[in-house]
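2 protein chains.
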Amino acid sequence: MAVIDFWYSIGSTYSYLTVMRLPEVAKASGVAFRWRPFNVRHVMVEQGNIPFKGKPVKSAYMWRDIERRAERYGLTPRFPVPYPLEGLVLANQVAILGVEDGWVQEYTRATYRRWFEAGEAAGEEPNLSASLTEIGRDPEQVLADAQSERIVRELQAATEEAMDLGIFGSPSFVVDGEVFWGDDRLDDALEWALKL
Amino acid sequence: MAVIDFWYSIGSTYSYLTVMRLPEVAKASGVAFRWRPFNVRHVMVEQGNIPFKGKPVKSAYMWRDIERRAERYGLTPRFPVPYPLEGLVLANQVAILGVEDGWVQEYTRATYRRWFEAGEAAGEEPNLSASLTEIGRDPEQVLADAQSERIVRELQAATEEAMDLGIFGSPSFVVDGEVFWGDDRLDDALEWALKL
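As you go down the protein sequences, you meet chains A and B in turn.
Counting from 1, one number per residue, gives the positions in the first sequence under the UniProt record's numbering.
Counting from 1, one number per residue, gives the positions in the second sequence under the UniProt record's numbering.
Honestly, the hints are just simulated from the structure, not real lab data.
Some clues are possibly wrong.
Pairs of lysine-lysine, DSBU-like flavour, derived with a Cα cap of 30 Å [what the hints assert, rightly or not]: (1) A:K195 / B:K58; (2) B:K55 / A:K55; (3) A:K55 / B:K27.
None of the values given here were measured: they were computed from a predicted structure.
I would like the entire structure built from these sequences, with the hints used as guidance.
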């Protein structure tokens with residue numbers, strides 16, 4: 001069966017759309033997705049790619065576009081949402097731990113839901129502990145492990161791997177060496193996977 | 001009947017996709033499009049929005065993404081194509097004249113085809129004269145008129161109008177006060193127009 005690598009950072013706004021709809025898309029298509037958290041902020045700083053900061057017109061469009069697209073997907077975000085995330089790195093360190101322990105999807109969806117639907121910034125309290133409790137994890141233990149040197153390094157390694165693949169933004173889908181960037185390229189990535 | 005304003009600049013890479021497929025989309029949907037050339041470079045400089053310059057990874061992705069999307073639409077671009085365009089302003093002054101005289105679509109498609117399929121930069125010779133001749137216009141007369149003070153001002157006015165609408169990139173579709181940015185938002189704009 002075809003597998004698509006789903007590269008994302010908690011902290012990316014458009015990734016909300018993908019995170020919330022991906023389980024259904026996977027089920028309907030029969031394509032498996034491997035969730036790969038990375039630090040998109042590091043990549044963007046490295047590449048001098050600053051999509052929204054200091055760009056009020058483009059930023060206003062981005063929120064309106066997400067609002068309209070969310071409605072298409074039956075999602076119910078409540079704007080404005082906190083942005084950018086101060087806790088981006090920690091949010092994704094937790095996700096890296098979740099990959100190892102098998103709860104990355106549940107955590108990512110829980111934290112995004114609180115971020116976009118309850119206005120609680122991801123990567124910070126109360127979002128972190130509430131999301132972890134909701135999925136049956138011990139927040140104290142997880143937060144300690146997520147900040148261990150090993151996990152810090154694993155997030156950095158994942159971020160390097162993403163850059164090596166040609167990734168510059170989140171979400172990105174990688175299949176067969178092809179990068180597809182943006183929630184709006186999920187269909188293209190699926191088609192590519194299905195014709196393999 | 002619903003009308004969508006199609007705002008674009010000759011010089012925008014992704015606009016190639018829209019310019020080439022729009023007549024068919026209009027026919028199939030029954031939705032009319034009003035072609036509105038503007039100077040996207042002026043808008044981007046004004047807003048500090050530089051999507052590709054100095055960003056080799058994102059630029060490489062952009063060309064590959066256009067190549068894949070072009071194939072979906074049955075188009076046959078030949079890469080690399082000259083970019084960015086030195087003659088962007090003149091290319092769009094000619095388009096503004098074409099709006100007045102009723103040949104903007106034909107000119108825009110002819111000049112994009114030469115740019116993307118024959119490697120001739122739009123807004124420069126031999127592309128300009130060949131495209132105008134191909135659509136039955138007198139290049140000498142058109143190029144003189146397109147550089148008149150009146151047309152120079154009209155392109156500036158169109159660019160101001162685009163910014164007032166909240167446009168920051170090309171292509172953009174505007175319907176019912178809603179801006180949809182990118183060739184990949186054409187379907188969203190169509191849906192919006194059809195539900196009016």
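| Of the hints stated earlier, which fail here? | 3
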